[in-house]
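Colleague: Protein chains in written order, with UniProt numbering: chain A, 1 to 331; chain B, 1 to 653.
Just so you know, the hints here were simulated from the structure itself, not pulled from any lab data. Quick caveat, the model's predicted, so the values are computed rather than measured. Ideal Cβ placement from N, Cα and C applies to all residues, glycine included. Any given hint could be a false lead.
As the list claims (entries may be wrong) - Calculated Cβ distances over 10 Å to all of chain A for the following chain B residues:
no., residue
1, 10
2, 70
3, 344
4, 385
5, 406
6, 469
7, 484
8, 552
Said to hold, decoys possible - The following residues of chain A were derived to be distant from chain B, with all beta-carbon distances above 10 Å:
no., residue
9, 41
10, 59
11, 154
12, 210
13, 260
14, 274
15, 305
16, 321
Claimed, not checked - Here's a subset of chain A near chain B, in silico, CB distances under 10 Å, partners left out:
no., residue
17, 26
18, 30
19, 38
20, 287
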Amino acid sequence: MPGEKTPTPARTAGTQPVQKHNAGLPLDTGWVAATRVNRPAAERHVAGLAARRPADPAAEAAWLLRAVGLIDLTTLSGDDTPGRVRRLCAKARNPLRADLRAALGAGPVTTAAVCVYHEMIAPARAALEGSGLPVAAVSTGFPAGLSPFSTRLAEIEASVAAGAAEIDIVISRRHVLLGDWQALYDEVAAFRAACGPAHMKAILATGELGTLTNVARASLVAMMAGADFIKTSTGKEPVNATLPVGLTMCRMIRAYREATGIDVGFKPAGGISTATDALDWLGLVGEELGPRWQEPALFRFGASSLLGAIERRLDEIAFGAGSTPRRHAPG
Amino acid sequence: MPPTTLDRGPGRAPDAEARAWIARKQGRFGPWIGGPVTPDGPRRTLIALATGTDLAELAEATPPQIADARAAAGSAQADWAALSGPARAVRLRVWAEAIEVRAACLTQLLALETGRPVRHGRTWLAEGRAALRQAADQALLGLANRPGLVPLGIVAPGLSLGRIGPALAAGNAAMLAPGPGGGTLAALCLAEAAAEAGLPAGLLTVLTGPAEPLLGLARPPVPELGGPCLHLVLEDADLDAAADAIAEALGNPPPGTTGQRLLVQDSVAERVHARLAGRMARLIVGDPLDPATDLGPLPGAGLRDRLTAALANSTSTPIQPLPRLPDTGLHFAPALIPGLAPASPEMETGLPGPVLLSITFRSPAEAILLANAGPPAPSASLWSETLAVALDLATALEAGTVCVNGTDLGPAPDPLELWQRPAGLAPARPIAPAPADRGPDPTAALTAARRVQPGWAGRGATGRAAVLARAAARMPEEAAAPLAACAARAATACATWSEGPGRATLRRHRPLGLIAALCPAETPALAAASILGPVLAAGNAAVLLPHPGDETRLRLLVTELEAAGLPAGLVQILSGAPAAVALRLAARVDLDALWCCEGDDLPDTLPVRAASGGPALWLAQAAPGAWSDPGDASEAFLRAATRAQTIRTSWGA
Numbered sequence: 001m002p003g004e005k006t007p008t009p010a011r012t013a014g015t016q017p018v019q020k021h022n023a024g025l026p027l028d029t030g031w032v033a034a035t036r037v038n039r040p041a042a043e044r045h046v047a048g049l050a051a052r053r054p055a056d057p058a059a060e061a062a063w064l065l066r067a068v069g070l071i072d073l074t075t076l077s078g079d080d081t082p083g084r085v086r087r088l089c090a091k092a093r094n095p096l097r098a099d100l101r102a103a104l105g106a107g108p109v110t111t112a113a114v115c116v117y118h119e120m121i122a123p124a125r126a127a128l129e130g131s132g133l134p135v136a137a138v139s140t141g142f143p144a145g146l147s148p149f150s151t152r153l154a155e156i157e158a159s160v161a162a163g164a165a166e167i168d169i170v171i172s173r174r175h176v177l178l179g180d181w182q183a184l185y186d187e188v189a190a191f192r193a194a195c196g197p198a199h200m201k202a203i204l205a206t207g208e209l210g211t212l213t214n215v216a217r218a219s220l221v222a223m224m225a226g227a228d229f230i231k232t233s234t235g236k237e238p239v240n241a242t243l244p245v246g247l248t249m250c251r252m253i254r255a256y257r258e259a260t261g262i263d264v265g266f267k268p269a270g271g272i273s274t275a276t277d278a279l280d281w282l283g284l285v286g287e288e289l290g291p292r293w294q295e296p297a298l299f300r301f302g303a304s305s306l307l308g309a310i311e312r313r314l315d316e317i318a319f320g321a322g323s324t325p326r327r328h329a330p331g
Numbered sequence: 001m002p003p004t005t006l007d008r009g010p011g012r013a014p015d016a017e018a019r020a021w022i023a024r025k026q027g028r029f030g031p032w033i034g035g036p037v038t039p040d041g042p043r044r045t046l047i048a049l050a051t052g053t054d055l056a057e058l059a060e061a062t063p064p065q066i067a068d069a070r071a072a073a074g075s076a077q078a079d080w081a082a083l084s085g086p087a088r089a090v091r092l093r094v095w096a097e098a099i100e101v102r103a104a105c106l107t108q109l110l111a112l113e114t115g116r117p118v119r120h121g122r123t124w125l126a127e128g129r130a131a132l133r134q135a136a137d138q139a140l141l142g143l144a145n146r147p148g149l150v151p152l153g154i155v156a157p158g159l160s161l162g163r164i165g166p167a168l169a170a171g172n173a174a175m176l177a178p179g180p181g182g183g184t185l186a187a188l189c190l191a192e193a194a195a196e197a198g199l200p201a202g203l204l205t206v207l208t209g210p211a212e213p214l215l216g217l218a219r220p221p222v223p224e225l226g227g228p229c230l231h232l233v234l235e236d237a238d239l240d241a242a243a244d245a246i247a248e249a250l251g252n253p254p255p256g257t258t259g260q261r262l263l264v265q266d267s268v269a270e271r272v273h274a275r276l277a278g279r280m281a282r283l284i285v286g287d288p289l290d291p292a293t294d295l296g297p298l299p300g301a302g303l304r305d306r307l308t309a310a311l312a313n314s315t316s317t318p319i320q321p322l323p324r325l326p327d328t329g330l331h332f333a334p335a336l337i338p339g340l341a342p343a344s345p346e347m348e349t350g351l352p353g354p355v356l357l358s359i360t361f362r363s364p365a366e367a368i369l370l371a372n373a374g375p376p377a378p379s380a381s382l383w384s385e386t387l388a389v390a391l392d393l394a395t396a397l398e399a400g401t402v403c404v405n406g407t408d409l410g411p412a413p414d415p416l417e418l419w420q421r422p423a424g425l426a427p428a429r430p431i432a433p434a435p436a437d438r439g440p441d442p443t444a445a446l447t448a449a450r451r452v453q454p455g456w457a458g459r460g461a462t463g464r465a466a467v468l469a470r471a472a473a474r475m476p477e478e479a480a481a482p483l484a485a486c487a488a489r490a491a492t493a494c495a496t497w498s499e500g501p502g503r504a505t506l507r508r509h510r511p512l513g514l515i516a517a518l519c520p521a522e523t524p525a526l527a528a529a530s531i532l533g534p535v536l537a538a539g540n541a542a543v544l545l546p547h548p549g550d551e552t553r554l555r556l557l558v559t560e561l562e563a564a565g566l567p568a569g570l571v572q573i574l575s576g577a578p579a580a581v582a583l584r585l586a587a588r589v590d591l592d593a594l595w596c597c598e599g600d601d602l603p604d605t606l607p608v609r610a611a612s613g614g615p616a617l618w619l620a621q622a623a624p625g626a627w628s629d630p631g632d633a634s635e636a637f638l639r640a641a642t643r644a645q646t647i648r649t650s651w652g653a
């Protein structure tokens, strides 16, 4: 649809507002224990999301442009090199082809952040210099979180010192599986303290927590302990972000907000790889939490291949002749 | 920068298939009697509810057409019933495919005429097709042609494939009359698909006017439930899931219900109401043709005015969060009236439409008390994460279908045998009204029997059957056979459990409570035993009205039963002219069922339903000699002596 105006502009590049930190709460085990989630009901509820995707191509393009600006563009591989990270950062600064943006009537667009391992913080910072894009680092013995506690704290401190503005920590799954909420609370609170000025995203690794009820309880405890964001997965578990898990976490964020007035962000990560996935997740947070959770201050996609899928779909909407990966710059 | 809402943009409301189908018929419709017939009757214009524009012209069936329809259905039914089960199965499966081909058209027709959102229409149709295929499979396996059972004849299952499928598979012909605005066009489209599938002409008839012509048709001997749908939320529920599902049910009420009620535990009531309000505000109200729509338009301006007045005059403060309403069509924002009392006027009369009436309870026992006050609900949803609590309440609720932790599991398809009867018995049918007459006062007998019934029901199916078997061993052969047969059957056929992926359906049979029966003159001991066997085996108390002269033999039978362990007083014998006593009993609200197992001399003098809440009447007119084959009769009698309840649940940790 060249020439048509998109109804909502994409977020202006490189100016994401910073959410104030979550001050946390004392651990409320009564609230944790009273929280129950019925999985079949959650599955039936999210099955209705597909029907609520925007039907109009102009609206769909606006949603997908928004989704691009919500991506934490991620590389978490053993073979990451400074060169690979620089390429990724270039893609984060300029995720969409200029003629594609022009055809969609979109202004400058960037992704929300770049997410890397600790060793790649420095090259990422250098490559993002002047863009305003933050670097997020995964930490605390990512992905399993089973290295010594002191090492995990030191890892956070080192990453913050290296200039990571956002730290994605992983929780100890055993605390959830053993129902040791005090241990989980203490662990996350210690990570929170170590993060200092950096934003902390708590990865719950929901694919390893067994039940949706555990996902809900772990979400609550992480928020009580001061997580600024709760994040579904590392991307390394056998099952990553699923919509029932997302629904459960959104409901907990809403409950926490009702109790404290504090807004906690949400980051689904892993397995989100198609444009329709992005629409469903945006629809889910919009319905459960409202439009503020469709902004980067409170919502991120943790994804590596999602951007390519969105580019191809936007290409198709803009020029109406399908798309191939060849038409878009690799990251 | 302030957050910008991501808009869905203009929705799509595809209606091409339905409009094309209507256009092919020049927009004029009449009844379907073995095919489209000339629209001769009085005409009215059907309105597309969402837009208020004309949709089609509908001509009512004329009296001669109705007579033709009966005749056509009768002859089609005879041919159809003569087919083997597998032969019926093949045609029903083809019909299911023909329906699938028309799926878009059917859901659009429903949306246009009735306002049911296509999102819900699709689910309805998918479940309907699954039920149809299941019924076909059962017919294929020979379950539709069991020896000793015959079809009811011409039946009126209503516009539900979960009922039509089993009714046809069992060998019946079906007549539908959904009424203008009730889905007549969709019914005509289904009939067209049936004709294409090779179902005999006349097997599925659609009448385009009111439903009165269907009143005299044969019906299964089970009470038909009506009234509001019930939602029961306990404090240990997944409250978010409950609130979301209940709010969505406002746009998708279970079939056969009018209005919705919420019973919520005091300790969580405030939270549940708040969450309901939040979800109601986010429901998409609008064009039912848009696949995103949750709640379609109201069927008429009268209902809108009634609901508006009810909200304005409510004794409690209603909550009506206003979602965006479209400019055209009779749209109404869903509302919640919390804090009502069972005696509030709203609760007493009920409100149809998307208004949820809420009362609170303190304990599970109180929830059962409040939920079971008034006539049984056709459908209920029950929310608790604790198995012991959920099962306790599900089994104690009087509702016909109870969905545990879900509102959208829907009613299960009917079992085939619901639409069949023993070969020796005439079909159950309603009886014409008549003025009340006097007879002896049955109060003492009813009260005495009622008092011991719960204890008897509580003994369990095996315990009850054992008493009957012991009594049979002490009796003369003619009375022993039906008792023994019934005991064996009742002890094994108590409930069925069927499973699908992640969900299960429990179908159980509960005693009606107190059943009175007019005993036939033919073979008194045998017939009385044939009646008492099923009534008692199912857990009921009985009041017998013996033929004059048979009383002594019946008393002897009861004495033997009590000697074998039957609680004293469970079987009462009322002497006096049976016809006069029956008339008195027909008006009693403390009697659950009245069976007339007599000859031809009684039926026309009994009222259909003397008082609201009066007993369910069942005419089991036995053909001469029918009592001599207790095996076949006992199954039908057992079914008539119980109320089936379906409990549906889904699981997932």
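Colleague: Hint by hint, say whether it matches the structure.
Modeller: A quick look at each hint next to the structure:
no. : hint : result
1   : 10   : violated, 5 Å
2   : 70   : holds, 43 Å
3   : 344  : holds, 29 Å
4   : 385  : violated, 4 Å
5   : 406  : violated, 6 Å
6   : 469  : holds, 42 Å
7   : 484  : holds, 44 Å
8   : 552  : holds, 59 Å
9   : 41   : violated, 4 Å
10  : 59   : violated, 3 Å
11  : 154  : holds, 37 Å
12  : 210  : violated, 7 Å
13  : 260  : holds, 16 Å
14  : 274  : holds, 18 Å
15  : 305  : holds, 22 Å
16  : 321  : holds, 22 Å
17  : 26   : violated, 21 Å
18  : 30   : violated, 13 Å
19  : 38   : holds, 4 Å
20  : 287  : holds, 6 Å
Violation of the numbered hints given earlier is confined to hints 1, 4, 5, 9, 10, 12, 17 and 18; the remaining hints are satisfied by the structure.
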